[in-house]
Amino acid sequence: MFSAAIKDTWAEMKKLKNDPILAAAIIMILLITSYFVVWPIIKVISFSQFEDYLKLFTYSRWYHAALNSLFMMVISSISCAVIAFIFAYTITRLKVPFKGLFRFITILPIVSPPFIVALSYILLFGRQGMITKYVLHVNFDIYGWHGLWLVQTVTFFPYAYAVLYGVMKSTSTNLEYAAYNLGATHWQVFKNVLLPLCRPGLAGGVLIAAMSVLADFGNPIVIGGNFNTLPTEAYMQMSGMFDLKSASVLSTAILLPALGLFVWNRVWVGKRSYVTVTGKETSLEHFPLPPAVKWTLFGLCMFVTVFVLAVYGVLVYGAFTKTWGYDWSFTLDNLTYVAAKGREIINSIKFALIASLAAGVLALPLAFIVQRKRVGVNRLLDFLAILPGAVPGVFLGLGFAMAFNGQPLHLAGTSLLMILALMVWNLPTCYSACLAGLQQISGALEEASFNLGASNMMTFRKVLLPLLRGAFISGIVVSFLRSVTCLSVIIFIYSAKTSVGTVSILGLVQNGEWGSASAFTIVLISIAFIVLVSAQLFLKKQGRSIEL
Amino acid sequence: MKTEELMIQISNMSKRFGDFEAISQVSLDIPAGSFTTLLGPSGCGKTTLMRLIAGFYEPDAGDIYIQGKKANGLPAFKRNTPLVFQEYALFPHMTVYENVSYGLKLMKLPRQEAREKVDAMLNMFGLQGMQDRLPRALSGGQQQRVAFARALIMGQKILLMDEPLSNLDAKMRVEVRNELRELQQRLGITAIFVTHDQDEALAISDRIAVFNKGRIEQVGTPWDIYFKPNNEFVADFVGTANFVEGEVAAIEGNDLIIKCGTSVLRVNRSEYPFQSGDRVTLVIRPECISICEAPNEGENVWSGSIQRSSFQGRMIRYWIDGSPLQWIVDDSSPSVSGYLEGIVHLSVDKQKIHLLPKERQEQRN
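Chains A and B, in that order, give the protein sequences.
Residues in the first sequence are numbered from 1 upward in steps of one, following the working numbering.
Residues in the second sequence are numbered from 1 upward in steps of one, following the working numbering.
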């Protein structure tokens, strides 16, 4: 069977001789992805010897960092999944007010820098915290795993929510009605029908949350305190001691479980979806729940919502406050400070814009070839395109720092390095968007175009491209947002000249300059929001919407 | 009406969705053991009524009685009104066995007993050997039989069906509807069947309720619905009909003499209340008109010229210009010489003309 597969592959590849443009495109894509995706990964993994890796088990500080990372990953992904499930259920199934607000809450963290929840957590509950100092008059240590757990849950539940929402929305309520019709009570319907149908979504949500928490750098560095995790430990080794070897070992230690989760998610969860066919039959509205249950769920969503709003509200307040905790008077100093740091903001925008455009331009032909052509290497191309999605940001950054620091490409400290790293990091985002867009375009449309006499190129340009515009722009916008708010990828590769907004904020937070940090964050979020809203308005005019 | 003979009684029921009145002031009695079909175009309210019976919706006004007991406010899971969904709504994560036995599991029936019941059901529907398959591994027809087995296994006396045959191909549909009718009579179930397919409704039902815009236009036997429609909507929706406007010119013994344009037709008076001078609409089914090349003798004869014809296997349909009137005529025993052409002669039995009072214009659309 295996040899037959190879034979097929070979036969398909031989056919490429007749289509030189396609062959050239594939070779180009393979070269680019090998050099900018695979090479940095190999570089990091191979930098250290086997003995160095053994230190993970023998050196207690690292051993604990690894355990901490795993522990945080497990508890946070469970709490993320629970909250995400409640949100998805409430939004797809219940008739309650404020659903628009709940949905908004699930978008906010996606347009925010990664550590802002941690930052406002400090502003609320820290030593000078608004609530701890002035409302409760207590003073306790918020740094450590409790605080981090809360912060990670609030930060990453929206990612789990996005998966669960998709599954629940596509699960026909008729199945629930069928169970009620046979005599099942609310609880039985939930237990026997809805929960099993959502299980793949739940697993997918847990895995996404787990990957994000495992790889997260921003929150633990701000709020972890002595609770060190693998990404923060790698950062310490690199920035404190320039110990590349240790950093590479620690980063690789994150990569392996991350890859495992990633593969598990794609292979196992992907095959177990029960997305139900909804044909002509109109789906019924959700079967009304007992009011007590309904309003409890609503209350839980409201509680999380208020908390998230407080997180952002306190940032806005902090941005206009003189000295947090001591002098609450209104000031514009913080904004003036941000204005003085204009270059970093411009860098943020510039790098994000170029990188996301480049990612989109690379992703489009890649998705087209994988989805529409049989070229023998489809699976390889697909794997290369999604691989960066499995690589933790810190690892990718380290890989770029190591791989392009000498012959043949010396890019250390340049803008190009930042752009390339962000481009690779966002390749999966753009690729998935284009792939999903292509899957929705029936092959019959292309056949119709060929049938009317259009060439390959003409069909691509005149039929596919216009139809793909929504997905394409959507992918680029999301990539832009991710880039502007990205910290983990660039923390190892920025230089004084190429520093960006998120790096400055981290520095301000570490120095306890809450006001300036808040102001900086608010400015970044505003930029992200303006871009998101204008893109949404633009796409809405064309009858499309952005999939976050 | 005696309630003990009625399985379901609906009185003055209304249901709106926002501004849309899906059901307005509907009353319907469903006798025990009958096969009742709710027939109508899409959006007419037939499915809404079925869901109201199943308890998926609560009515805004009106009452529903199931087996003599008021069912308003009773949640769907306490109604004992099993429903076969249009797309079957089989649980995709459960095997055939688990799907069929789900209702028994909810009743906490002992395992052995449940197994026997499920086996009997699977046998009845020819699903032996498939109990461990998931629904997606079944053909459309098999899925449908699982849906029926799941609905019938509790042995309830009511079966609701929401266009269950619409996903089958044409030939299967006819087969299954015959089996379904046979099954319903054998088990003595009260069946309520929603469809927009008039052939299906006529073939399968004891009684048909024709819906239009949230109201019931007519309830009756298939025969009455077809040959004695209450109004033009029913006549037009069920089958094809020639509508001819006319005026009662005279009453002669048992016949009404009706003037339509330049011709005069004689119609059996039966119970029609019309008087001389009344405006009426004649409803004549295409197959009730005889067509031949030679001129006919007697009453109700006229002629016209064939404009178009269409061969439909069991008959030939002709469109005939009998100026000023246009006619559709079905010839179910065509002559060996093939299609007729040119001038033909038509006749209709006076018993086979149905009369309606002339409706106002706005009601006709």
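Do not take every clue at face value.
So the derived label-pair ranges between C-beta atoms look like this [said to hold, decoys possible]:
| hint | chain 1 | residue 1 | chain 2 | residue 2 | range |
| --- | --- | --- | --- | --- | --- |
| 1 | A | Ser-442 | B | Ala-294 | 54 to 64 Å |
| 2 | B | Arg-136 | A | Ala-24 | 50 to 60 Å |
| 3 | B | Lys-213 | A | Ser-442 | 30 to 40 Å |
| 4 | A | Ser-442 | B | Cys-292 | 51 to 61 Å |
| 5 | A | Phe-98 | B | Pro-75 | 41 to 51 Å |
| 6 | B | Pro-41 | A | Val-96 | 30 to 40 Å |
| 7 | A | Asn-451 | B | Gly-140 | 24 to 34 Å |
| 8 | B | Arg-136 | A | Ala-496 | 54 to 64 Å |
No lab work stands behind these hints, which were simulated from the structure alone.
Source: prediction; values computed, not measured.
Backbone N, C-alpha and C fix where the C-beta goes; we use that ideal spot for every residue, glycine too.
Verification of the supplied hints:
1. Distance hint check: the CB atoms of Ser-442/A and Ala-294/B are about 57 Å apart, consistent with the given range 54 to 64 Å.
2. A hinted range of 50 to 60 Å is violated for the C-beta pair Arg-136/B and Ala-24/A, which are about 42 Å apart.
3. A C-beta distance of roughly 36 Å is found between Lys-213/B and Ser-442/A, which places it inside the suggested range of 30 to 40 Å.
4. In this structure, Ser-442/A and Cys-292/B meet the distance hint of 51 to 61 Å, their C-beta atoms being roughly 52 Å apart.
5. For the pair Phe-98/A and Pro-75/B, the supplied restraint of 41 to 51 Å is violated, since their beta-carbon distance comes to about 27 Å.
6. The supplied range of 30 to 40 Å is met by Pro-41/B and Val-96/A, whose beta-carbon atoms lie about 35 Å from each other.
7. Separated by about 31 Å at the C-beta atoms, Asn-451/A and Gly-140/B satisfy the suggested range of 24 to 34 Å.
8. A hinted range of 54 to 64 Å for the beta carbons of Arg-136/B and Ala-496/A is consistent with their spacing of about 59 Å.
When held up to the earlier numbered hints, the structure conflicts with 2, 5 and fits the remainder.
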